[in-house]
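Asks: Residue strings, one per chain:
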Amino acid sequence: MKILVPVKRVIDYNVKPRVKADGSGVDLANVKMSMNPFDEISVEEAIRLKEAGKAEEIVAVSVGPAKAQETLRTALAMGADRAILVQTDDEVEPLAVAKILKAIVEAEDPGLVILGKQAIDDDSNQTGQMLAALLGWGQGTFANTVEVGDGTIDVKREIDGGLQTVQLKLPAIVTTDLRLNEPRYASLPNIMKAKSKPLDQKTPADYGVDTAPRLTTSKVTEPPKREAGEILEDVDTLVAKLKEMGVA
Amino acid sequence: MTYDFDAWRARSPYYDESHDALAESVRRFVEREVEPHIDQWEADRQLPRELHKKASEAGILGLNYPEEFGGHSEGFDIFHGMVVTNELARVGAGGLGASLMTHGIGLPPILAIGSDEMKKQIAPPVLAGDKIIALGITEPSGGSDVANLQTRAVRDRDDYIVNGQKMFITSGVRCDYMTTAVRTGGDGAGGISLLLIEMDRPGVSRTALEKMGWHCSDTAAIYFDDVRVPAENLIGQENGGFIGIMRNFNRERLGLAMGCCAFARVCLEEAADWARERKTFGKPLAGHQVIRVKLADMARRIGATQAWVDQCAWAEQEGKGQPADFAMLKVQATEMLERVARDAAQVLGGASYLQGSKVERIYREVRVNAIGGGSEEIMLDLAGRQLFGGNR
Ligand SMILES: Cc1cc2nc3c(=O)[nH]c(=O)nc-3n(C[C@H](O)[C@H](O)[C@H](O)COP(=O)(O)OP(=O)(O)OC[C@H]3O[C@@H](n4cnc5c(N)ncnc54)[C@H](O)[C@@H]3O)c2cc1C
Numbered sequence: 001m002k003i004l005v006p007v008k009r010v011i012d013y014n015v016k017p018r019v020k021a022d023g024s025g026v027d028l029a030n031v032k033m034s035m036n037p038f039d040e041i042s043v044e045e046a047i048r049l050k051e052a053g054k055a056e057e058i059v060a061v062s063v064g065p066a067k068a069q070e071t072l073r074t075a076l077a078m079g080a081d082r083a084i085l086v087q088t089d090d091e092v093e094p095l096a097v098a099k100i101l102k103a104i105v106e107a108e109d110p111g112l113v114i115l116g117k118q119a120i121d122d123d124s125n126q127t128g129q130m131l132a133a134l135l136g137w138g139q140g141t142f143a144n145t146v147e148v149g150d151g152t153i154d155v156k157r158e159i160d161g162g163l164q165t166v167q168l169k170l171p172a173i174v175t176t177d178l179r180l181n182e183p184r185y186a187s188l189p190n191i192m193k194a195k196s197k198p199l200d201q202k203t204p205a206d207y208g209v210d211t212a213p214r215l216t217t218s219k220v221t222e223p224p225k226r227e228a229g230e231i232l233e234d235v236d237t238l239v240a241k242l243k244e245m246g247v248a
Numbered sequence: 001m002t003y004d005f006d007a008w009r010a011r012s013p014y015y016d017e018s019h020d021a022l023a024e025s026v027r028r029f030v031e032r033e034v035e036p037h038i039d040q041w042e043a044d045r046q047l048p049r050e051l052h053k054k055a056s057e058a059g060i061l062g063l064n065y066p067e068e069f070g071g072h073s074e075g076f077d078i079f080h081g082m083v084v085t086n087e088l089a090r091v092g093a094g095g096l097g098a099s100l101m102t103h104g105i106g107l108p109p110i111l112a113i114g115s116d117e118m119k120k121q122i123a124p125p126v127l128a129g130d131k132i133i134a135l136g137i138t139e140p141s142g143g144s145d146v147a148n149l150q151t152r153a154v155r156d157r158d159d160y161i162v163n164g165q166k167m168f169i170t171s172g173v174r175c176d177y178m179t180t181a182v183r184t185g186g187d188g189a190g191g192i193s194l195l196l197i198e199m200d201r202p203g204v205s206r207t208a209l210e211k212m213g214w215h216c217s218d219t220a221a222i223y224f225d226d227v228r229v230p231a232e233n234l235i236g237q238e239n240g241g242f243i244g245i246m247r248n249f250n251r252e253r254l255g256l257a258m259g260c261c262a263f264a265r266v267c268l269e270e271a272a273d274w275a276r277e278r279k280t281f282g283k284p285l286a287g288h289q290v291i292r293v294k295l296a297d298m299a300r301r302i303g304a305t306q307a308w309v310d311q312c313a314w315a316e317q318e319g320k321g322q323p324a325d326f327a328m329l330k331v332q333a334t335e336m337l338e339r340v341a342r343d344a345a346q347v348l349g350g351a352s353y354l355q356g357s358k359v360e361r362i363y364r365e366v367r368v369n370a371i372g373g374g375s376e377e378i379m380l381d382l383a384g385r386q387l388f389g390g391n392r
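Protein sequences, first through last, are from chains D and V. When the letters of the first sequence are read in order and numbered with my numbering, they come out as residues 1 to 248. When the letters of the second sequence are read in order and numbered with my numbering, they come out as residues 1 to 392.
Pulled out of the complex, with its shape left as it was, chain V reads as follows:
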């Protein structure tokens, strides 16, 4: 038996032939539509819109969304979502999944608490790949303390007038819509609403942000200067937006954790291939005990994390998902990836430091996993509070 990227699934009770078939289909898509262009898109600092269209036609964008909006959920279980994440990660550029699938964070609040009108208007073009939707929570004043966000929406007859700024918004340069967290009421979580803002409204402006990694994912700072938004754009109840934000957290963290396992597998695969080929001191690297122990150690960390990912996915599917578990799982996954990316880079030596290698890219993308979607500190504090008590 030798290591390969796909072996883990074959021995897991959660995956069957339908997951393999979907993985195969998405892999084809990535090999044909993504791999030949990914370096260019990294250099362009964004994905082309046609990719969203193609991903929709390939059945990727609409997976697990209602049929009435152009999605398809027939036969779906949560592990189908896992294999899609795994395959999108395999190209070794985290910006792909982040930016192609931003609707995975932008759309769920609308589907969960938005009006029927809004669902009908927004979901179909997004799932068809014609429109891009982003999620705007974080502000320059801080992303961890969500309940304290500052962007204000003030009611003026049939409109809201929005003033403020969002920061680090994935797909923010290209997005047509943003599911935006704004303050409509008093301090704290109880004063927050979600507002759908069309990006072509007067008073909206944006600036692209240059980042350490996720280069093919456009990230923006977005400014609102007296932006008039009709009151129908309110998602859910006024001052009831926090629920909409929280609801998606388990799945988002699960997806991020799964992505980390996949990126770690890419690192291990690259390192293992290299270790078998590269000769030093008269034998392949893998023939040196220090190196093969390092490889086995990487496999051990990935295997343990993947097992917990799968178990948490199952719990979520059964409606037994505990937020504390997903918060801790995310930390487990990002610390694992940090270590595995480091070890892979060591095994590759100088080659890992050259641009263009997958390991080099993944190494640069370790931090965004550990910070975005809830930082490690905030995740563990949340879990600690839930499991061991103690208020703020």
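For reference, chain D alone in the conformation it holds in the complex:
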């Protein structure tokens, strides 16, 4: 079985994003970028399946700017076998990505696509689901545990009430949640090996997909600053205060 793992280059999860002065978006100039953390979990899961003999090949895909090559190299250094960069400088929305991935799935014929449940930049949580719909495949989202069987995959999902297990027929779509695994760190020998693994360069046009945004961002603002708290003397004052605010 071949596994396709889409990875996105996003603002690093440790960076405190700053909103551009004109409110048109987040300022990405000189900001550290890295692989979406959920995608690291996807790559790790694919590698574990390969190590367990459940898969033969792992193909990492990224849709994004030329610099997304670095993200793909990270996936290759972790253990993916080859990579495809679909290069575009447009801001890509989930639907466009899902359409591109559908075309890649048709060309590559993987048995499993493992995506992050969401990317930490726009938190859309849509690409995996859209891809499943476009392909007409089963989907196991928010995976906490996966088990590949004979032509099937069991996905234990993280849902509000607890965990839910679904069984899907392969080929299928899985999206990863935080607790699925702990991704490994790329070591120097693997980083060096990754340099010589194949990385194909494509464009959305190669797949006949128009990536022009369908959504318009009207305004981006910083979350409101937390006001300093007030320490009250006793419970009576608290109750009075809550009543005054109309919440009790």
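Derived by calculation from the structure, the hints in this document are not laboratory data. Among these hints, one or two may not hold up.
[Stated by the list, open to error] For lysine to aspartate or glutamate, the following DMTMM-like pairs were computed, each having C-alpha atoms within a straight-line distance of at most 20 Å:
| # | chain 1 | residue 1 | chain 2 | residue 2 |
| --- | --- | --- | --- | --- |
| 1 | D | LYS32 | V | ASP273 |
| 2 | D | LYS20 | V | ASP273 |
| 3 | D | LYS193 | V | GLU31 |
| 4 | V | LYS294 | V | GLU269 |
| 5 | D | LYS32 | V | ASP6 |
| 6 | D | LYS32 | V | ASP16 |
| 7 | V | LYS358 | V | GLU269 |
| 8 | D | LYS16 | V | GLU31 |
| 9 | D | LYS67 | V | GLU17 |
| 10 | V | LYS54 | D | GLU147 |
| 11 | D | LYS193 | V | GLU68 |
| 12 | D | LYS195 | V | GLU74 |
| 13 | V | LYS283 | V | ASP273 |
| 14 | V | LYS279 | D | GLU147 |
| 15 | D | LYS193 | V | ASP16 |
| 16 | D | LYS54 | D | ASP81 |
| 17 | D | LYS193 | V | GLU17 |
| 18 | D | LYS169 | D | GLU147 |
| 19 | D | LYS20 | V | GLU277 |
| 20 | D | LYS219 | D | ASP122 |
| 21 | D | LYS16 | V | ASP200 |
| 22 | V | LYS131 | V | ASP200 |
| 23 | V | LYS120 | V | GLU68 |
| 24 | D | LYS67 | V | ASP20 |
Position chain V with the ligand against the provided structure of chain D, taking the given hints into account.
Replies: Relative to the frame of chain D, chain V with the ligand by itself:
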């Protein structure tokens, strides 16, 4: 363009994408496995053993050690070592690099002059993070005058019997092995041997030392009271230990100098962030000329020192490293850090005096850099002697 911790490397001819990728990988490791726990480990006065195991699995412990012992050296150049030092320093607690990487001083003498038997027995568990090895040179009677050390090992048939004391030993509380400098012969450097001592031998005892900084690094005084050590534990030739000690000095000093640049960058980053946020007299601190000049001055000192670090690293890699250069480089780096830590503390004001800030910790750790691994006075005297002559 604004200042950030990583910008320097992008404009250096010595670093390429492989260094960036390794830096990224080590940074992830530090963010996930270290940062959430570092305050606790500082309070515990030691690192947990699992961290060594995890660092081994992440490819950090074995970097630039032979594959046959579980290390990996494929594709390694000296600048990969530099980025690892840089990333380990970024958490702003010098004890992390000192104690997690003590094998960087303890193991090289064994690999350089030890027997094949010993290499096979010691290196794999150390590089796997299962065992901890320390280096014991310094004694209570003095660390600078290494050639005069007092701990004695006397041959008794197939054993040596060791008596004496070591002082300031990094990872000394936890270590399983110590590469130990002992006197087997007459006075001076020609009477010194290196002996591998297992810490569970009868007659070995140790006491933890409380320090100004490097809190998460356990440091010990170690006592030997008629400790019997098999003669096979001799590392290299009898009375030929001094070479084993000296051989590692260039790299150790280079690493320390690189660490100083990284700690200084942390200080500058903290100070610059603060100066942009904090408002006094109606504008951000960075808007006051005195403060932004201070910041630029810090950046200038760091940049100049880093450039020399990189150049010395290159020379070492090419086999052209001169001990005098590394001795002077170390002084350059520690004086630079002393100044930058001071200036960062001034910019942060009272906040720098509160425990828990990186600058507060680094400020407390300035001295250990200036004293350990060869003090500033000894370094400059060594360079002076080599460059300008004049015997002892
Ligand atoms: C936290 C920490 C960790 C350490 N870890 C280790 C370790 O793992 N293994 C190990 O072996 N050692 C370790 N050391 C010891 C360290 O290497 C010594 O502290 C250092 O070499 C200085 O020795 P000393 O402290 O005995 O000072 P001394 O040698 O007594 O020197 C005291 C002062 O006098 C100056 N001085 C000495 N001689 C001269 C001279 N001839 N001319 C001018 N000035 C002179 C020195 O520069 C210094 O300023 C550690 C030290 C510290 C603080």
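Asks: If you check each hint against the structure, which ones fail?
Replies: Violated: hints 3, 10, 14, 21.
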